[in-house]
Amino acid sequence: MPIGGVIFITLFIAAFGTSLIYLARWTGGKAKKTSQAKFDVYECGLPVEEKKDTKISVKFYLTAILFILFDIEIIFMYPWAVNFRHFLATGSGLLVFGSMMVFLLIFIFGLWWEIKSKALEWD
Amino acid sequence: MTADVFLFWFLALITVISGLAVVLMANPIYSALCLAMTMISVAAIFVTLQAYFLAGVQIIVYAGAVMVLFVMVLMLFDLKHELQAFTRGRATGALKIASVGILSGLIVGAVTIGLTIAGRSSDEVISAAAAGGVVDTTRGLSEALFLKNIFGFEALGVLLLVIAVGTVALSRSKGGTHARD
Amino acid sequence: MTSMGNTTFEIVINTIKLLAVFLLMVQAVPILVWLERRGSAFIQNRFGPNRVGPLGLVQLLADAVKFLTKEDFAPEKGNRIMFYMAPVFALIPAAVAYAAIPMSVPLKVGDYTFLIQGYEINVGIVFILGISSLAAYTILMAGWGSGSKFSLMGALRASAQIISYELALGLSIVGIILLYGTFNLTEMIHAQQGIYHFSAFGYTVAASWLPNWGIFYQPLGMILFFSATFAESNRLPFDLAEGEAELVAGFHTEYGGFKMLMFFIGEYGHMMIASGLMATFFFGGYSIWNFTPQEVYNWCYGLVGSEQIANVMNVVLHFLSYNIKFAIFLWIFIHVRWTLPRFRYDQLMDLGWKTMLPWALGNTIVTAIVIFVTSYFVIS
Amino acid sequence: MNQQALIAILLLSPLIGFFLNGVRFRSTNYVLAGSIATIAVLISFICSVLLFLNLVDLPPEARRITANFFEWIAVDKFKINAGFAVDQISSIMILIITGVGALIHLFSIGYMHHDKGVTKYFAYLNLFIFNMLILVLGDSLLTMFVGWEGVGLCSYLLIGFWFNDSAKAAAGMKAFITNRIGDAAFIIGMFILFMTFGTLNMHELNMLAPTIAESSWLGAVTLGTMMLFIGATGKSAQIPLYVWLPDAMAGPTPVSALIHAATMVTAGIYMIVRLNGLFIVAPNTMMVIAIVGAATAVMAATIGLTQFDIKKVLAYSTVSQLGYMFLAVGVGAFGAGMFHLMTHAFFKALMFLGSGSVIHAMHEEQDIRKMGGLRKYLPITHATFFLGWLAIIGMPPFAGFFSKDEILWKAFSSSQGHILLWAAGVLGAVLTAFYMTRLMALTFWGKSRVDKSVHPHESPWLMTVPLIVLAILSVVGGWVGIPHVISEQIGHIPNFWEHWLEPVIRKLPTVVEGAHHDETMLEWSLMGISVGLAAISALTAYIMYTKKEGASDKVAKAFGPVYQLVNKKYLVDEAYSAGIINPLIEGSKNLWYYVDVNVIDKATYKVTDLVRGGGSFVKSLQTGNMQQYAMYIGIGVVVALSFVLMR
Amino acid sequence: MPETNMITTIGAEHYLVLSAILFSIGMAGVLLRRNLIVLLMSIELMLNAVNISFVTFSYYSGKVEGQIMVFFVMTIAAAEAAVGLALAVSIFKRFKEVNIRFFEHLKG
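Chains as they are written, first to last, in this note's numbering: chain Y, 1 to 123; chain S, 1 to 181; chain H, 1 to 380; chain U, 1 to 647; chain C, 1 to 108.
A hint or two may mislead.
[As the list claims (entries may be wrong)] Just a sample of chain U residues kept apart from chain Y, beta carbon distances all over 12 Å, derived:
1) Ala62
2) Ala82
3) Leu420
4) Ile581
[Unchecked claim] Part of the chain Y face toward chain H, derived, beta carbon under 10 Å:
5) Gly5
6) Ala24
7) Thr27
8) Gly29
9) Ala64
10) Leu104
11) Trp113
12) Glu121
[Said to hold, decoys possible] Calculated pairs, DSSO-like style, for lysine-lysine (alpha carbon to alpha carbon, straight line, at most 30 Å):
13) Lys118/Y with Lys120/U
14) Lys354/H with Lys116/Y
15) Lys548/U with Lys569/U
16) Lys77/H with Lys32/Y
17) Lys354/H with Lys38/Y
18) Lys63/C with Lys79/U
19) Lys66/H with Lys33/Y
20) Lys77/H with Lys30/Y
21) Lys547/U with Lys447/U
22) Lys77/H with Lys59/Y
23) Lys59/Y with Lys93/C
24) Lys38/Y with Lys77/H
25) Lys118/Y with Lys93/C
26) Lys77/U with Lys148/S
27) Lys70/H with Lys33/Y
28) Lys354/H with Lys118/Y
29) Lys148/S with Lys547/U
30) Lys118/Y with Lys96/C
31) Lys168/U with Lys569/U
32) Lys96/C with Lys59/Y
33) Lys77/H with Lys96/C
34) Lys93/C with Lys116/Y
35) Lys32/Y with Lys66/H
By construction, these hints were calculated from the structure, which means they are not laboratory data.
Keep in mind that this is a model prediction, so the values were computed, not measured.
Just so it is clear, CB atoms sit at the ideal spot from N, CA and C, and this is done for glycine as well.
With the hints as extra help, turn the sequences into a complete structure.
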């Protein structure tokens, strides 16, 4: 696996991107502070309000957690999927098929539960 | 110095530096991003050990999922005023540092001593690996996973289910006296 | 061997090739932008950019000049490091992943064989999925670094959306992996070459008028995959991250100039990866209808009578074939953007979790059962 | 089709049925629940038939299909595979289990449709079938034991199915605990056998058994097999552990038919037949088995004479018939034991289902004194029950005749046999004929004593179809094993049964001396004696209970105390209570009062004080600071590592 | 063997030492940081260190079991992160901070 290539292109792009930003800064110049409003973040023209606790729905992080769990279950299916024909050819197909179906049953039950318990409900 | 050797040192350097940064950065978001960096370089180290599929999984699961979750939660909390990164205990600090020092020393010692005492020179091991060779790791992996470790595999499925149910329940809890939002 | 070749010549060529793939991607972006603007104009019965140069083609250069002369701005409240790092990182996943997609048959020059792709990776699918899942960081970094509520909201929404659809994306290609039994994109294309044929119950079925493409085995998988890639690249109808009515411009509210352009390159890069993968998984990659590369080569050889030229011709023909498919999917991306309305956020999440994920799951199970039954029970 | 796949489908189909019904156990949709369960078992039945046909295709010596799905336990030399084997014996068993099981499932749809827990009921039934199949197919004792425990669990669940009734719940517990005693012995038996042979694979055990020479009259093999037999007495309701089976009638009637007549209770016999190569080298065990079997057969039959609950009569009849089977395997007639197992499964399942039909018709009335003359209300039930009756009392040419006769002949002629055993068998047959006729007469014949408020009606087709099928099987089921002496007369019909089982059954030599002619004569005459006596006994019972009113009471009076004793089931339950259970309870009370309060509690208080003192010191370490805890772990690792390194 | 061997020949011990260093860094993070989430991240770091040594042993012994272990560790780690973060969110909801010290309320 040409990991050297991957690292090379990564470093190259990082350098490329950085130099582009510097180039733009050089040609365009640094922003001149003509007023405070220019440097405030955009809030539709209203004065910037700073609240101590921004209420962000906990749903986001719940989604991320559920994503992790299901993602791992999907990852487990990859080595199974890629060698399924191999298993079939070597005679252990039934066992492998059955065990994955049981696994999928658990998966489906989990998904069904999440949907039923309204954990995935966005209002 | 061949490319392989250079690669190892390069990756080891990145891993250690970004690992150190995880612990030393005061802002948890930087810590999280550095940890993601560590994960990616560990994946690259896996590649140098010919564990291609695991490297992919490492990136997908750790860098692409777990660390995204961390970053997301940190942004959710928006902890801008993290003044103090380390705990201050009554005289426990020194002991902690000492124990870390001893621990690291012992681990390094254990590894080197273990390898030399066993009389296994590294060349020998390398040739064994090259001869026996992990030819198709994904196939070997899935054979070991689905034929030998079926119970572990199914148990993990159940574990993930339980965790999914548990986290949903936990996120529903209102955190004790906290008013409902 | 960890790197790019055995001899200096090979390493140099491969390095140049990598850069070329990257530049190919970067230079495609202005064209796509132009295409998108002109195309949307035609769809909406407008003119679009038509003043600068013929058909407005030089508009791109004018844009570039504008980008370069804008003053460099970063909000005071934000985190400057993150703010500047985010657009740079936006480029990386797209380019690194795109380089892994094969674009033509290998070119044989003397003793050397050059792959027409950045690098060949034997766990290609896993690699691409992993790398493109890193795109969420870019968005989160941009959103957080801007220090704006809109940006943060947009970033959270976008990343939640990306990871939600990553499930459907990952699951929709399990069927394809089951079918071809490999992670390697090149092997996958090999399996799709030639005429439509498969074996079931010990018999082989073939149809000479159809190519052996994945879409004929995995139509549902294709639809799910394609829809999920729309969400992955934050394109309409899934561009909730920048729903103007709610969040101004989402995570890149505070960006402008070149930094904005780099986000665009990233987004278009994702589109290109998606199109390339669509072609690779479901439409035979670079293969030409139902001809194998050997047949095409023989035809070329019969035409020109020289092995070298036939080789090159073969490569060029396949490259063209790949690019035609590639372009069609890119156009579908653009066309969909200007045709469909945007989802509401709850609809978007419902679609991802409650519709596409179960369907992808069903697709996987059905595929597995069919493969199991047809190869386990051999009627002799 | 792949044979391993067949075995897998055979096993998994009821399990899937169990899950499908189990996850929606609150549903009262009896059609859906019943169809799922019945179809699951039907699929298994089809697989069984296909496997059987596959076996038939193989040459006789190689008739064995094994499937090792995965390595279950591997600890050093102790390796157990999740392996299953279909051979001549287990193929018969799976056919019976799934075939009779499917019929009973079908019957249950009709019988249980009004019940709130119908889905749960079918889930349990399917789980039972699954476990029974594991028991039967498992090719090592441990795999078998999994099923053995599983069917015990299902039996418990189903006996206590109506657990709101505390008596029924208690019956379930009684069954479970009684079985537990047997199971403990079974486990000990496994230990002994593993120590002796180093394997638990039954095939290997059978192969290895002849190589072990028993040194004394109670050697390892004898002890091991004896322990297994005690396990079997628990599961198969033999003296002394039979007491749970009559109480187990608290469960739904189809359950009694399936679990407590046709399948589960025969597990003990099946186990012994499966291990026949092992048991045959332990003649002492065999003797014990034969004696226990004969004693049970007679004793349970006498109790059956005096019972008035229709299901109790059948239950004691089951115990008695199981005694017959043990008698058969005890005298080395393993084939005959299996044969009787099969025919018994047919006719006893039939009779139980018939009784279920009667109970259903009588609106949950089980007392036969309140029945009578039901023939005209329940024609189909009566007709099928009648055929079952003929089969069980051993009238030729019904199924029971052939199997019972074979057992009696072997009890007489085998080298393990004895004339007393034969006599006990005949006595049992005579008693059986009597009480079964009594049951028929009181239930179906004579004058109606039915309560005016009850209007008996024939059951729906769902319930009668299984009855008819089982009735046919009860008639023809015995024809696969027609003994030589009879087949010689009617045109040399081969004895399929013996032929089929021959490769896996070790035979004991026949000791009756003399020429072939003498032997034939002897067999004919013995057959004549037993059939004749049974017929006379049945006729007596018929006259006593239909023609002469009050004759039975007179007889009962005449026997007086004996009758009372038998009617009270020989006071075995009471004896157990007085002899074992109450002393245990009383002893425990005393222990609690004197030893526990005065000695143990005081001592523990002292210990508590000590611990509390120590604890308040240690408590200062528990700061709640996780990082300190982590540090302790770290220090522990350091200490452990340095210990390893310094060594 | 020449002195430069340590640098130019990469063997198992290099990977193992790297793993040990990473483990120690993670351990230090667990012991010293006060933010609960950073603590969790340090644990992930330690798990990664262990994964490196598993893969190393797998590679140098030519057996795939080590990789299976890594697979399982990854799953467990993800599960642990999910639960840990759920706890952190609960704590944050109540105290508006995620200091590890808040766990001291849990002591008996």
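Comparing the hints with the structure gives:
1. Ala62: holds (20 Å)
2. Ala82: Since the minimum Cβ distance to chain Y is about 10 Å, Ala82/U lies within 12 Å and the statement is violated.
3. Leu420: For Leu420/U, whose nearest Cβ neighbour in chain Y is about 53 Å away, the distance exceeds 12 Å, so it holds.
4. Ile581: holds (43 Å)
5. Gly5: holds (4 Å)
6. Ala24: holds (4 Å)
7. Thr27: holds (4 Å)
8. Gly29: Nearest chain H Cβ about 5 Å off; hint holds.
9. Ala64: Constraint on Ala64/Y satisfied, holds at 6 Å.
10. Leu104: Cβ of Leu104/Y sits 6 Å from chain H, so the hint holds.
11. Trp113: violated (13 Å)
12. Glu121: holds (8 Å)
13. Lys118/Y with Lys120/U: holds (27 Å)
14. Lys354/H with Lys116/Y: Between Lys354/H and Lys116/Y the Cα gap is close to 10 Å, so the pair holds against 30 Å.
15. Lys548/U with Lys569/U: holds (26 Å)
16. Lys77/H with Lys32/Y: holds (16 Å)
17. Lys354/H with Lys38/Y: violated (44 Å)
18. Lys63/C with Lys79/U: holds (22 Å)
19. Lys66/H with Lys33/Y: holds (20 Å)
20. Lys77/H with Lys30/Y: With Cα atoms ~17 Å apart, Lys77/H and Lys30/Y stay inside 30 Å; holds.
21. Lys547/U with Lys447/U: holds (10 Å)
22. Lys77/H with Lys59/Y: Given pair Lys77/H, Lys59/Y holds - Cα atoms ~26 Å apart, limit 30 Å.
23. Lys59/Y with Lys93/C: Answer holds: Lys59/Y to Lys93/C is near 14 Å, not above 30 Å.
24. Lys38/Y with Lys77/H: holds (12 Å)
25. Lys118/Y with Lys93/C: The hint holds at about 21 Å.
26. Lys77/U with Lys148/S: holds (18 Å)
27. Lys70/H with Lys33/Y: Judged against 30 Å, a Cα distance of about 14 Å means the pair holds.
28. Lys354/H with Lys118/Y: holds (11 Å)
29. Lys148/S with Lys547/U: violated (71 Å)
30. Lys118/Y with Lys96/C: Judged against 30 Å, a Cα distance of about 26 Å means the pair holds.
31. Lys168/U with Lys569/U: Holds: Lys168/U and Lys569/U sit about 19 Å apart, inside 30 Å.
32. Lys96/C with Lys59/Y: Satisfied, since the Cα-Cα distance of roughly 18 Å is no more than 30 Å.
33. Lys77/H with Lys96/C: holds (22 Å)
34. Lys93/C with Lys116/Y: Between Lys93/C and Lys116/Y the Cα gap is close to 25 Å, so the pair holds against 30 Å.
35. Lys32/Y with Lys66/H: holds (18 Å)
Of the numbered hints listed earlier, those contradicted by the structure are 2, 11, 17, 29.
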